[in-house]
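Could you build the full structure based on these sequences and the hints that come with them?
This is what each chain is made of:
2 protein chains.
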Amino acid sequence: MSIDRYSIEQAHERIKPYIHRTPVLTSKSINEATGCHVYLKCENFQKVGAFKARGAMNAALSLDAEDRAKGLATHSSGNHAQALARAAKILGTQAYIVMPHTAPEIKKRGVRGYSGEIFECEPTLQARETTLAEVIKKTGAIEIHPFNNYDVIEGQATAAKELFADVRELDAILAPVGGGGLLSGTALAAKYFSPETKVIAAEPAGSDDTYRSLKSGKLEPAQSQTIADGLLTTVGDKTFPIIQKHVSEVITVTDDEIIAAMRLVWERVKIIIEPSCAVPVAALIKEKARFHDQRVGIILSGGNVDLEKVLALLTR
Amino acid sequence: MSIDRYSIEQAHERIKPYIHRTPVLTSKSINEATGCHVYLKCENFQKVGAFKARGAMNAALSLDAEDRAKGLATHSSGNHAQALARAAKILGTQAYIVMPHTAPEIKKRGVRGYSGEIFECEPTLQARETTLAEVIKKTGAIEIHPFNNYDVIEGQATAAKELFADVRELDAILAPVGGGGLLSGTALAAKYFSPETKVIAAEPAGSDDTYRSLKSGKLEPAQSQTIADGLLTTVGDKTFPIIQKHVSEVITVTDDEIIAAMRLVWERVKIIIEPSCAVPVAALIKEKARFHDQRVGIILSGGNVDLEKVLALLTR
Chain A
229 MSIDRYSIEQ
239 AHERIKPYIH
249 RTPVLTSKSI
259 NEATGCHVYL
269 KCENFQKVGA
279 FKARGAMNAA
289 LSLDAEDRAK
299 GLATHSSGNH
309 AQALARAAKI
319 LGTQAYIVMP
329 HTAPEIKKRG
339 VRGYSGEIFE
349 CEPTLQARET
359 TLAEVIKKTG
369 AIEIHPFNNY
379 DVIEGQATAA
389 KELFADVREL
399 DAILAPVGGG
409 GLLSGTALAA
419 KYFSPETKVI
429 AAEPAGSDDT
439 YRSLKSGKLE
449 PAQSQTIADG
459 LLTTVGDKTF
469 PIIQKHVSEV
479 ITVTDDEIIA
489 AMRLVWERVK
499 IIIEPSCAVP
509 VAALIKEKAR
519 FHDQRVGIIL
529 SGGNVDLEKV
539 LALLTR
Chain B
229 MSIDRYSIEQ
239 AHERIKPYIH
249 RTPVLTSKSI
259 NEATGCHVYL
269 KCENFQKVGA
279 FKARGAMNAA
289 LSLDAEDRAK
299 GLATHSSGNH
309 AQALARAAKI
319 LGTQAYIVMP
329 HTAPEIKKRG
339 VRGYSGEIFE
349 CEPTLQARET
359 TLAEVIKKTG
369 AIEIHPFNNY
379 DVIEGQATAA
389 KELFADVREL
399 DAILAPVGGG
409 GLLSGTALAA
419 KYFSPETKVI
429 AAEPAGSDDT
439 YRSLKSGKLE
449 PAQSQTIADG
459 LLTTVGDKTF
469 PIIQKHVSEV
479 ITVTDDEIIA
489 AMRLVWERVK
499 IIIEPSCAVP
509 VAALIKEKAR
519 FHDQRVGIIL
529 SGGNVDLEKV
539 LALLTR
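Here the protein sequences come in this chain order: A and B.
229 is the number of the first residue of the first sequence in the numbering used here; add one for each residue after it.
229 is the number of the first residue of the second sequence in the numbering used here; add one for each residue after it.
For the record, the hints were derived by calculation from the structure and aren't laboratory data.
Take the hints with a grain of salt, since some may be wrong.
Same chains, same names: a pair is fine if it fits in one copy or spans any two.
Stated by the list, open to error - Simulated crosslink set (PhoX-like; lysine-lysine; CA at most 20 angstroms straight-line):
id	residue 1	residue 2
1	Lys244	Lys256
2	Lys336	Lys256
3	Lys317	Lys256
4	Lys443	Lys426
5	Lys335	Lys256
Listed below in structure tokens is the structure:
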């Protein structure tokens, strides 16, 4: 499978009835803090509160009817779980979600709210994969991986596509990177819809596998110490080659920088973003000298936060 | 002075270059929680983070050049202080703001950020009024009262006017009431631009002077125990008659109900609102049976929160 301009356009048409066209916000305070002209693509206002609604819906819609009827399965403790459960419900099929038993109750409620069936497991990658394999064996469901799936990548590309349509002549676009679904989609959208725009990744220093993988030229294992809990995963064998080819660089930021950026957005833009979502904002502030007076797009990836946890971060 | 359709239209034209036309958001979660169709007019995204930017700017622009050059003065510990300082700065005059020395540092920084001059006083109404009188005597500045001023009321009316233009056939519109500037403006906007829409006030039970004043037919003194700190003031002799004439009723809500509503909006709409701003949302949830399936507008008045303080509320 190859992703091109046409396939992204098709994906966009396919998912449009089921997603929000999210607004682009600008903020004088953010422009002052960064020294450039910032355009915030607000996927925190997206269905299920994150861009993940796009990729999951595109993957579900791209299955033929027979496969789709078998049900959709994934392991995820985060936004993809809700996004897939929602897609399944809308399309009249079943979602089977493997989650570590340590996942926050609010995430489980979100999945159950869309009638998704949850299978709990130990909080290790191995347990998640084993449990998912068992669930698939038992149910015959189709796996929809959170990021290492071309249909998912294509769906995530539509966020940047919308931003490029709304804001012309961006000098750069920043997206966070965890597994790389959003980043590789953003990079492909730039290639086909705004080729002059540089694509820059933002990554927590405590989980900088993409930064290290790009340096070494091969997939490096993840560390896992950051408050940006949506970005703990490692890029996959489908996302990494796209990133290698189309992403200019990775800026890494510390947890303190992430918290300061999140606080700035909450207080000055008056919108709720999750820690992972603040990572590119932090990157822009950190490297502001380089972006002076440029037009910079940022994909604000999501707004699903555990308020107690986040407020504890803000006040620590 | 009388406020009519034409004067509100004029005020709107006057302030348009200086304010945001704020978006109207809808949310499936909020509709589910309230059982009706809710349209949120997001004045939390307004300049200075609150509708107060409208009234202060209209009052400042309505002065003749000679008076305006004398400077603008007020006592306020809240959003009006910043709004007036901003208006003064934009119009090239000076703002003199009397604030209790206990006012949060962030509010003082906001005023100073617009080059406003702060005069600190004891945190009592009497001290505030005495200090303001001294400042006016010394500087010759013109007082712009936070709400008991027809130009201010007219400016605040423009928020509802915009909502009525964007969303037709609202059955009801809810606004919070403190001093009554926003509420009386909203009531007049409904009268002239959407006469079929019922205007309902929402007030903290711990500061229910409007509720009691409407019952007794005269201005009742305020109590002052609520976390909705923007609504501690009492309606004035200019706002109360408008409210008496044009507001159908006042729904009062407890602090617990306010906190639950604020949390709902933060978590599900992904926007930051201040406790005062959550009061009408709480009122709608409390009285949901009555509004079943109706089309209801809510003025979300502002988003200026002290994050630390809100943390304490959400986790108490």
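So, going through the hints one by one against the coordinates:
When the C-alpha separation of Lys244 and Lys256 is checked against a cutoff of 20 angstroms, the pair qualifies only between copies, where the shortest distance is 17 angstroms, while the shortest distance within a copy is 31 angstroms. Only between protomers do Lys336 and Lys256 lie at most 20 angstroms apart by alpha-carbon distance; the minimum there is 19 angstroms, versus 37 angstroms within a single protomer. In this assembly of identical chains, Lys317 and Lys256 lie within 20 angstroms of each other by CA distance solely across copies; the values are 16 angstroms between and 40 angstroms within a copy. For a Cα distance limit of 20 angstroms, the shortest separation of Lys443 from Lys426 inside one copy, 18 angstroms, qualifies, whereas the shortest one across copies, 64 angstroms, does not.
For the identical chains of this complex, Lys335 and Lys256 are inter-copy neighbours only, at 18 angstroms across copies versus 34 angstroms inside a copy, given an alpha-carbon limit of 20 angstroms.
Checked against the numbered hints above, the structure violates none of them.
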